[in-house]
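Trainee: In the order they appear, the protein sequences are chains R and B.
For the working numbering, count along the first sequence from 1 and bump the result up by 619.
For the working numbering, count along the second sequence from 1 and bump the result up by 12.
In case anyone wonders, no lab produced these hints; they're calculated from the structure.
No residue lacks a Cβ here, since even glycine has one placed at the ideal position from N, Cα and C.
One or more of the hints may lead you astray.
As the list claims (entries may be wrong) - To be clear about the criterion: a stretch of chain R counts as covered by chain B if any three or more of its residues have a C-beta under 8 Å from a C-beta of chain B, and this derived list gives those stretches: (1) 648-658; (2) 679-686.
Stated by the list, open to error - Far from chain B by the CB rule (all over 12 Å, computed), these chain R residues: (3) ASP635; (4) ARG665; (5) GLU675; (6) THR702; (7) ALA709.
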Amino acid sequence: MIMGLGTALFEEVVFDEGQPTNASLSDYGIPTFADLPALTHELLEREGADVHGLGETAVPPVPAAIGNALHSLGIELTELPMTPERVLAALDARDGDTS
Amino acid sequence: VRLELALNGTRAAVDVDAGETLVGVLRRLGLSSVRETCGIGVCGSCTVLVDGAAMSACLLLAPLVDGREVTTAEGLDGDPVVDALSAAHAYQCGWCTPGFAVAIRDLLDRNPRPTREESVAALAGNLCRCGSYLKILDAVERAAEAPARAPNGRG
Numbered sequence: 620m621i622m623g624l625g626t627a628l629f630e631e632v633v634f635d636e637g638q639p640t641n642a643s644l645s646d647y648g649i650p651t652f653a654d655l656p657a658l659t660h661e662l663l664e665r666e667g668a669d670v671h672g673l674g675e676t677a678v679p680p681v682p683a684a685i686g687n688a689l690h691s692l693g694i695e696l697t698e699l700p701m702t703p704e705r706v707l708a709a710l711d712a713r714d715g716d717t718s
Numbered sequence: 013v014r015l016e017l018a019l020n021g022t023r024a025a026v027d028v029d030a031g032e033t034l035v036g037v038l039r040r041l042g043l044s045s046v047r048e049t050c051g052i053g054v055c056g057s058c059t060v061l062v063d064g065a066a067m068s069a070c071l072l073l074a075p076l077v078d079g080r081e082v083t084t085a086e087g088l089d090g091d092p093v094v095d096a097l098s099a100a101h102a103y104q105c106g107w108c109t110p111g112f113a114v115a116i117r118d119l120l121d122r123n124p125r126p127t128r129e130e131s132v133a134a135l136a137g138n139l140c141r142c143g144s145y146l147k148i149l150d151a152v153e154r155a156a157e158a159p160a161r162a163p164n165g166r167g
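Extracted from the complex, chain R is given alone in its bound form:
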């Protein structure tokens, strides 16, 4: 889920004329301890089910969940990551602010 948080909020490779401009771990931010949210999870086991891997399966729903939370506030974002700048722009769009 924390990896999904990175996808949702932080991680984006930025290109300038075909060259990545943030190709180091100091420019490309992945979640750190400092980004740790209060987080709980529950495993739902189903008797007789196939064996499945865990791990990255928890990643894709995280951006969707955060996007849905924003959607419930009328903020429409379909681009990742959902950075503060993009949320602000979407807020302006919602409120019809053209300044």
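Here the structure of chain R is known, so what remains is to put chain B in place on it, guided by the hints.
Mentor: Below, chain B without anything else, positioned relative to chain R:
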């Protein structure tokens, strides 16, 4: 340059280039828990203890540890931190784990009963791509509660 150091409690001598970083030397000596990942001191994968203090081996020129004590995760064999990381399943792929083991040892040496906030602040320099941070906090708690380890000769 001839480098003599106490490596994981054993005296070691090795010839190094003056411009070589410690991470390369340690790996050459077979200590593969020390991992150069970002190479610029932001990820913590190459963390080692130098005279008991956590440092990034990728930023440290090897000749600077002449006469010092260097401890890698290999030197933490039997340390409650290692057992706690294992018991808490505090990893997924395991790449960052040795760096965390060393960083947690450094934290607990300085602060045997860290609060969650203190642990977060102390370990913020170690990155875990898999995001195992919550389990790693579990491990810190378990290690802090474990009985004191037997001295291993490290000052």
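Trainee: Are the hints correct? Go through all of them and say.
Mentor: Quick rundown of the hints versus the structure:
no. : hint    : result
1   : 648-658 : holds (count 7)
2   : 679-686 : violated (count 0)
3   : ASP635  : holds, 20 Å
4   : ARG665  : holds, 22 Å
5   : GLU675  : violated, 9 Å
6   : THR702  : holds, 19 Å
7   : ALA709  : holds, 26 Å
In this structure, the earlier hints numbered 2 and 5 are contradicted, and the remaining ones agree with it.
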